[in-house]
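Visitor: Each chain, letter by letter, is given below.
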Amino acid sequence: MKRRKFIRTAGLSAAITPFMFKGFSISPVARNSFFSALGAAASINDKVMVFIELNGGNDGLNTLIPLDQYSTLANHRGPLLIPENKVLKLDGTNATGLHPAMAELQNLYNDGLMSVVQNVGYPQQDYSHFRSMDIWQTASDSDQYLETGWLGRTLEAEYPGFPDGYPNPDNPDPLAIQIGSITPLAFMGSAFPMGMSISDPEAFYEFVSDVPEPTPATPYGDELAYIRLVMQQSQEYYEVIKAAAENSQNLSTKYPAEYENPLADQLRIVARLIGGGLQTPVYVVSIGGFDTHSEQIDGDPTQGNHAQLLHWLSEAVYAFLDDVKLMGKSDKVCAMTFSEFGRTIAANGSMGTDHGAAAPLFVFGEGVNPGIIGDNAQIPFTIPESADVPMQHDFRSVYASVLQDWYGISNWQSVLYQDFDILPIFKGVTPSREVFAYHLKVRVYPNPVVRQATVDFSCQSGSDVEVSLLDTLGRQLRRITSGYYSAGDHSVNFSREGIPPGAYVCQVRIGAFRVSRKVLFM
Amino acid sequence: MENFQPGEKLTESLSRNLGRKDLFNFGTQELPPVPPAANPITIQGGLDPYTGPWEYDQAAHLLRRTTFGLKKSDLDQLLTMTMSEAVDHLLTEPAQAPAPPVNNYNNDDFTDPDVPLGETWIEADFNVDAEFWRIESFRGWWTELMLKTEASILERMTLFWHNHFATQSSAIFYGKINYKHNVLLRSNALGNFKALTKAVTVDPMMLFYLNGYLNGKDAPDENYARELQELFTIGKEYPSQYTEEDVVQAARVLTGWRVNWLPAESFFFPPEHDAGNKQFSSFYDNTVIQGQTLDGEAELDALLDMIFARPEVAKYLCRKLYRWFVYYHIDDDIEQNVIEPLADIFRNNNYDIKPVLQTLLSSEHFYNAMYSGCFIKTPIDIVVGTLRSFNLSIPASTPWDDFTMKYILTWLHSIMQMVPGDPPNVAGWQAFRQSPQYYRMWINGDTARNRNWYTDILSQWHLDSDNDQLKIDHIAFASQFDAPEDPKALVDDMTRLLLPQPISEQKKLLLKNVLLSGLPSDSYWTVAWFEYQNNPSDPMAFEVVNFRLSVLTKYILSLAEYQLA
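Just so you know, the sequences run in chain order A and B.
Per the working numbering, the first sequence starts with residue -11, numbered consecutively.
Per the working numbering, the second sequence starts with residue 96, numbered consecutively.
Please note that a few of the clues may not be correct.
If you want the ones that stay clear, here's a sample from chain A, every Cβ over 12 Å from chain B, calculated [unchecked claim]:
1) Ile167
2) Pro202
3) Pro204
4) Thr206
5) Ile229
6) Arg256
7) Thr290
8) Gly340
9) Phe369
10) Asp459
11) Leu465
Here chain B is said to cover these stretches of chain A; the calculated rule only asks that three of the stretch's residues, wherever they fall, bring their Cβ under 8 Å from a Cβ of chain B [to be verified]:
12) 82 to 91
13) 259 to 273
14) 447 to 456
Since the hints were derived computationally from the structure, they do not count as laboratory data.
Yeah, the Cβ is synthetic: ideal placement off N, Cα and C, and Gly gets one too.
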């Protein structure tokens, strides 16, 4: 092929990625200090999270399909609607399924290697790609401008002073690596990115040795100091990256051929670096094209651009997890998706969807509690054109869960600047929160309550059940029912007689799981 | 930490701990202090005309920021003028539009069925097999225009508008549309911003890129209406006060524009237009745009009149121009003393672009020495700018050689993350918008390596097509200077041309040693130089001089300072 040839003739010996494939490269965020500050907590010192950016705003309703809303969804989705019989089933639920292009993720879910968090977003959705990306990367409020990234702050708290004195013998590896050539805002520390970008782990480059000189306190001096620091530090990090890459090879046979799946190409590099012993705890990979205003489908709603992207995601994650398993590291590695927002419920006139608020987020790996956290979006019969899926989970709850339950960082509030609910995404966490809330189908109605109310719930298997009414301080006011219930759907009624008007909580405990619903007494 | 002893420098510690001294060829080395995001500066000089000396440094600064790289012949030319003449010269548009791109891509595997070799393809209808080649031909043509530019701001401004009204060739895979769009930006680059905004709004490239061509009364598509306000005019950098409803209403105004695909021409199609009245928010003074059944252009004009009446527009554009030509850091002082008065000029001139550029590029602020060398070169400054500084042009023994060499340049641009025609998204390149990093976005472990690797190849090797080499003529380059036989003078002259600020005597000494291969006396070089001058056909004499110049060049281009302009 001629195109290959010009590149060869340019005298370039390194492995080449043709630019049409959006060449990527790796940039390290310095490693290891993440964990050294955690002292003796050696068991978590080697956890890795791979963040997969779905750039453009993923259409959640065609990714994770709310089958219990199918008839109303069909009203609004027009040509984009995935035929009900093509939706991939998930074990244990008939209410939610996956896009048909994601057969591998269906396997992961059914094998207990995937957690789904429903309706993730942020309050006061902005709908601008750029603001939303910045909000996700900095973990800011919608109306707040932060210049540091959430991963940058996390790493800087663990490795104060970076980049001065890094790398060093205690911390020889990058703290975070982005596969690509653009360092994400998420890595930004107070003055310097805590992570690095690389595209080819074997392409080492030796910068010239410069005369060490102070730089003047001018804009010129500032920029010069910055460039020198990047050159010097990346040279040192490249040595360890190259050593890790040379020390390792991909073991999985499930990857597609090179250049066929841009996400798989990136995850292949990540797996190799992990297998080669790099201690880097944070990796970021990215795939674009999710801004499907038009041509989301290709005539057939199961085919086209969105289907292609979801297939890439599914195939790549599956191969990657297989690879790290074969490397014997599957207990150490998780991956999760994120996207700046979701899309509208209704199809637009361009075979696509416009910017919307919330969308589901996936977390993969042996470390996750398998299942679905949260509820299917309710799709009304009539909606305005711009209607979207409202947020149920703040994205920072996901971040908080990652920091606390995966990386073992207890004081994550100082990184996220606020307190957030921890979601039961990861194993080994007491399931006191709304684990599998969706499967439990807890519903209290009517709400507000005038005289009497009904509580619905569902048992996956025969379980001890307790339904209670609590005040807002959590004190039990009334036990509505208590006893053994068989598998299946149940309802109990209660009267509000004797309880003054106000806000209360109806709590349903089924086996080890507990779900709460706010109720209002008129 | 035990690995760091009190008072020990990083390099000492690393050498001791790693048992490696070879990392540090210059003995102990102090890490530079962590640079703050932007140094607080006290600004001297606002937009008053600059009245200081007009010499090498000022003319070089002006050229580095308005063309690509610094070419000695441009510098010599500007130094024959006054500052104000020089700025006027840069702002003068060439009398002739450039010749269009041609079929230079027929090859063993592909022959364009519609366009003969050497003929232009710009009128050729869509052909799915040919468009890859036509678009690469278009890209190469554009790159060559930047490379061939004389002392003119036109190419840098064309690129500015491409970054501003960003579109992606990879998304609109039709050569004719790409070419027409580029001509639109180019021919309006120094014209009127409002007129350009109108033309871009209904340009087929933009109609396709942001789905305007699908925006209809029954299924409005907000994509363009949103970016028109957020990215193209009002901006979102300072919390903007237009509302989501304003986006919806603007989308209604813009319904009905369609593209006739093969000729790549847009038109207004009334049946798809929402003829109702459009009510805007208080941010736009509760303006109601009267619905028109047949005259979509009148509604578009009314929309732009409403938007351009807002003072945010001129300020937003002036900030972007400032970040394009001066520096990314804008504090309250700069906002008040530079941006706001510049925005006033912009509005008072009904959004004509030239008076703004003329004022900025003639101002005390622009020539303040504080701002020299603080612009991190874009990848195009590195790739094209280096070629220009070394007076190189694209060799083309055959059309295919022409094509392949330009394709290599495109590939180089891609590994440094700036392909002309393909910014990452509709917001343009991050280096001009992503706070707090801005220009620093260009530099990371990966791109820093690729940038240096490119200048290494160019200094010591060459880029090859089948029959040609793109190669620096080191001896001709050195011969431009007054005393190439004098190592000290040669190092002075080369670093002054290639680096934005003077470097220390210590560093110059190092560079001179590189030229002298470590020999103690300057006369070795002088003798070698004259030996070659007297025996220009002697390959040995040539190689002695050429090799040392190539090593010196590699070294200068590898310095961190070379990344700055």
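Visitor: Each hint: holds or not?
Guide: Evaluated hints:
no.	hint	result
1	Ile167	violated, 10 Å
2	Pro202	violated, 7 Å
3	Pro204	violated, 9 Å
4	Thr206	violated, 6 Å
5	Ile229	violated, 9 Å
6	Arg256	holds, 17 Å
7	Thr290	holds, 22 Å
8	Gly340	violated, 8 Å
9	Phe369	holds, 19 Å
10	Asp459	holds, 39 Å
11	Leu465	holds, 43 Å
12	82 to 91	violated (count 0)
13	259 to 273	violated (count 0)
14	447 to 456	violated (count 0)
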